[in-house]
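So the protein sequences, as listed, match chains R and U. Going by the working numbering, the first residue of the first sequence is number 1, and it counts up by one from there. Going by the working numbering, the first residue of the second sequence is number 1001, and it counts up by one from there.
Treat the hints as calculated values from the structure; they're not laboratory data. This structure is a prediction, so every number in the text was calculated from the model and none was measured. Some clues are possibly wrong.
Claimed, not checked - Cross-link-like lysine-lysine pairs, in silico, DSBU-like; alpha carbons within 35 Å at most:
1) U:1113 to U:1147
2) U:1147 to U:1235
3) R:129 to U:1089
4) U:1078 to R:8
5) R:262 to U:1147
6) U:1006 to R:262
7) R:262 to U:1254
8) U:1113 to R:8
9) U:1147 to U:1006
10) U:1078 to R:129
11) U:1089 to U:1078
12) U:1150 to U:1113
13) R:129 to U:1235
14) U:1250 to R:2
15) U:1150 to R:8
16) R:2 to R:262
To be verified - Simulated restraints on C-beta separations:
17) R:19 to U:1270: 34 to 44 Å
18) U:1018 to R:154: 22 to 32 Å
19) R:7 to U:1054: 55 to 65 Å
20) R:138 to U:1085: 24 to 34 Å
21) R:192 to U:1052: 52 to 62 Å
22) R:39 to U:1104: 47 to 57 Å
23) U:1017 to R:264: 29 to 39 Å
24) U:1060 to R:138: 51 to 61 Å
25) U:1143 to R:6: 44 to 54 Å
26) R:129 to U:1085: 22 to 32 Å
27) U:1144 to R:138: 55 to 65 Å
28) R:192 to U:1270: 18 to 28 Å
29) R:99 to U:1063: 47 to 57 Å
30) R:262 to U:1128: 35 to 45 Å
Glycine residues also receive a C-beta, built at the ideal position from the N, C-alpha and C atoms.
Take a look at the letters that make up each chain.
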Amino acid sequence: MKVPLSLKIAIGIIASLLVFAFILPNFAPYDPRRWATVPGDEPPSLTYPFGTTTVGQDLFWLSSYALRNSIILGILTASISVTIAFLLGSFAGFVRGSVSRNALTLLIDSFCLIPGLPVLIVLAYSWRKFLSPVLIALILSIFGWAWPSRSVRSLILSLRERSFTYTSLLSGFGMMRIFFYEYLPYIIRWLAVSFLGLLNWAIGMETTIAVFGLSTLEEATIGSIIYWALQYQSILRGVWWWVTFPILLLAILIVTLYELSKIISEFTGVK
Amino acid sequence: MGAISKRYKVVIHIASRFLFFILTVWVGLTLAFLVSRASPVDPSTILISRLMSMGGYLRPEEILALKQQILELYGLDKPVYMQYLSFIKGVLTGNLGPSFSFFPTPVIELIHKSMVWTILLLGFSTILSWVIGNVVGVLAAVFSRSKISKALEWISMSLYPVPYVIFALVLFLFFSLVIPLAGGVGGAGMAMQTLSLTYIIEVIRRLSVPSLSIIALSSASWFLSMKALALSVKKEDFVNYAIIRGLSQKTVTKYVMRNSLLPQITSLAFSLVYLFNGALVTEYIFAYPGLGRLLYNAIVGSDYNLMLGILSYSIIGVASAAFILDLIYPLIDPRIRYGG
């Protein structure tokens, strides 16, 4: 099998971002979140590759730390959402009782139609004293599962009618066993692609609520760096690097992840 | 199958869609209620601490009495199911209580004032981006070998995954630093309320940049899905037949367009959610006086009632828009039959 060049490039970019986010912070000479460790408002130079913030944080180390938190948050949200989507979507597509099937379909469709952002904002607001990357991931998962569940349900609906389902049922397989042993191999590639999509969605959503000032503002995430940069009027004061580098990192990460998911879906023939 | 049974099926279809609409709104409102009650913070404490921070001094027993009074005022001393019922009743009757930060203005009044702006922004940019994305998408699929088509696809592919908030921020910085349009953002002045030509021009001028941010991103996404749809329609036999029959390019394009447009209408209903979320962000970043701005003010002012009100209204608004689209759909797609 020939590996396309675009896949190599995408994996290369992702790998270097992962090194930047997960290996580099271990070598940070100081806790990058602490204020006044370096002189403030220094433009990008050899000593400070990304410059420094007004409150005296080295942006290079800070953003590597923040990228790690954002990726962890995204992976956590995506894992929870994909798991729920797989179980609930399979169940909604599999059950035959019209009441439970319709109720589940209604639940899934409603969550697709409820505007998530205001709900997330109210939730993040009321829990803002306890917010941590983990809690934000849990909050984001409230909406993350709905879209993939809808698709899993329609995928399972067609698998349900295939003869192997009846063979397994008549052989005495339980429902869970059919989901995991019979259906999962069919939809695992699709789940992988939607995992990447959810990862992107979660990182973007965290940035969105952070811009509203509702993320973990003490902990560094890409969103909270942007929030503080805006709060300190960085652009007006000409401290352009404070907001530029996080945005650039985020854009590179998200666009590459999207390309990767597209390449994977073309490569494996997932629709 | 007489005309009567057909009409009967139409009624059944509309009734079932309506039931679904009501249930969706109910699920949404219940979620909103749960979200507000699952809060670890007591709203009365916030209110009192806000009063205290404004310089008011209260003795401890006064604080307790005030707290009791606030709880009674907002019905928070009753059992949860009673609160739930009165919340639902409040949404139905349009009485969501007074706002905390704009006391004693009712929440509903504030929301109505801002909603007009949001609907204007959202309606304008949704329709425009849908039309642009679909028309350009079909043309790009029909002329899929041209360089422009490939360039457009490349641009949309790199724009589409960017989170809206990032795009809006970049656009905002661009229009405030690189091409400064003084006063080019935000809604038209509140002072000018008379409907004159200058007022309308001002509204459009200030609408332009915020809506541009929505239009650019969402037409990219419509473009991508339309192009993919139209490419698969283009391969179908009836299109080949039309080409062999020697029909003009224009007619063939029309055939492809009509047949690939249908799924796009269905996705419009679901994309409303994303557009609405986007509109909230737009309004906050561009200081546009709609629901998003109001929501931000509610956050800053710890205004619980207002937040819940906006939440309920957005759920009802988005669900109604989707319901209307659902009803219009059979008029556009002649293949749809009721009750199958």
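Hint-by-hint comparison with the structure:
Taking the CA atoms of residue 1113 of chain U and residue 1147 of chain U, the gap is about 47 Å. The hint is violated against a cut of 35 Å. For the suggested pair residue 1147 of chain U and residue 1235 of chain U, the alpha carbons sit about 20 Å apart, so the restraint of at most 35 Å is met. A C-alpha spacing of about 31 Å is found between residue 129 of chain R and residue 1089 of chain U, which places the hinted pair at or below 35 Å, so the restraint holds. Distance restraint check for residue 1078 of chain U and residue 8 of chain R: the Cα-Cα separation of roughly 62 Å exceeds the 35 Å cut-off, and the hinted pair is therefore not satisfied.
Annotation: proposed proximity of residue 262 of chain R to residue 1147 of chain U holds, straight-line Cα distance about 21 Å (limit 35 Å). Between residue 1006 of chain U and residue 262 of chain R the CA atoms are separated by roughly 44 Å; this puts the pair beyond 35 Å, and the hint is violated. Pair hint residue 262 of chain R plus residue 1254 of chain U holds up; C-alpha atoms about 29 Å apart against a cutoff of 35 Å. This hinted pair does not check out: residue 1113 of chain U and residue 8 of chain R have alpha carbons roughly 53 Å apart, beyond 35 Å.
Among the hinted pairs, residue 1147 of chain U with residue 1006 of chain U is inconsistent with the structure: their alpha-carbon atoms are about 50 Å apart, more than 35 Å. Proximity of residue 1078 of chain U to residue 129 of chain R is assessed by CA-CA distance (about 26 Å); at most 35 Å being required, the pair is judged to hold. For the hint pairing residue 1089 of chain U with residue 1078 of chain U, the CA-to-CA distance comes to about 15 Å; that is within 35 Å, so the pair holds. Proximity of residue 1150 of chain U to residue 1113 of chain U is assessed by CA-CA distance (about 44 Å); at most 35 Å being required, the pair is judged violated.
Note on residue 129 of chain R and residue 1235 of chain U: the hinted pairing is violated, with a Cα-Cα distance of about 56 Å set against a maximum of 35 Å. With a C-alpha separation of about 41 Å, the suggested pairing of residue 1250 of chain U with residue 2 of chain R is violated against the 35 Å cut-off. For the given pair, residue 1150 of chain U sits about 22 Å from residue 8 of chain R by alpha-carbon distance, which is consistent with the 35 Å threshold. Distance hint between residue 2 of chain R and residue 262 of chain R is fulfilled; the C-alpha atoms sit about 17 Å from each other, no more than 35 Å.
For residue 19 of chain R and residue 1270 of chain U, the hinted distance range of 34 to 44 Å is satisfied, since their beta carbons lie about 38 Å from each other. In this structure the supplied range 22 to 32 Å holds for residue 1018 of chain U paired with residue 154 of chain R, their Cβ-Cβ distance being about 24 Å. Distance hint check for residue 7 of chain R and residue 1054 of chain U: the Cβ-Cβ separation is about 60 Å, which falls inside the suggested range of 55 to 65 Å. Take residue 138 of chain R and residue 1085 of chain U: their Cβ atoms lie about 29 Å apart, and the range 24 to 34 Å holds.
The hinted window of 52 to 62 Å between residue 192 of chain R and residue 1052 of chain U holds, with their beta carbons roughly 53 Å apart. In this structure the hint that residue 39 of chain R and residue 1104 of chain U lie 47 to 57 Å apart at CB holds, the actual value being about 50 Å. Range check, residue 1017 of chain U to residue 264 of chain R: Cβ separation about 37 Å, and the 29 to 39 Å hint holds. One distance hint, 51 to 61 Å for the beta-carbon pair residue 1060 of chain U and residue 138 of chain R, is violated here, with the actual separation near 37 Å.
Checked against the given bound of 44 to 54 Å, the beta carbons of residue 1143 of chain U and residue 6 of chain R, roughly 24 Å apart, lie outside it. Residue 129 of chain R and residue 1085 of chain U have their C-beta atoms about 30 Å apart, which keeps the hinted 22 to 32 Å range intact. Under the hint 55 to 65 Å, the C-beta atoms of residue 1144 of chain U and residue 138 of chain R, about 44 Å apart, miss the expected range. Look at residue 192 of chain R against residue 1270 of chain U: about 23 Å separates their beta carbons, and that is inside 18 to 28 Å.
A hinted range of 47 to 57 Å holds for the C-beta pair residue 99 of chain R and residue 1063 of chain U, which are about 50 Å apart. The hinted window of 35 to 45 Å between residue 262 of chain R and residue 1128 of chain U is violated, with their beta carbons roughly 27 Å apart.
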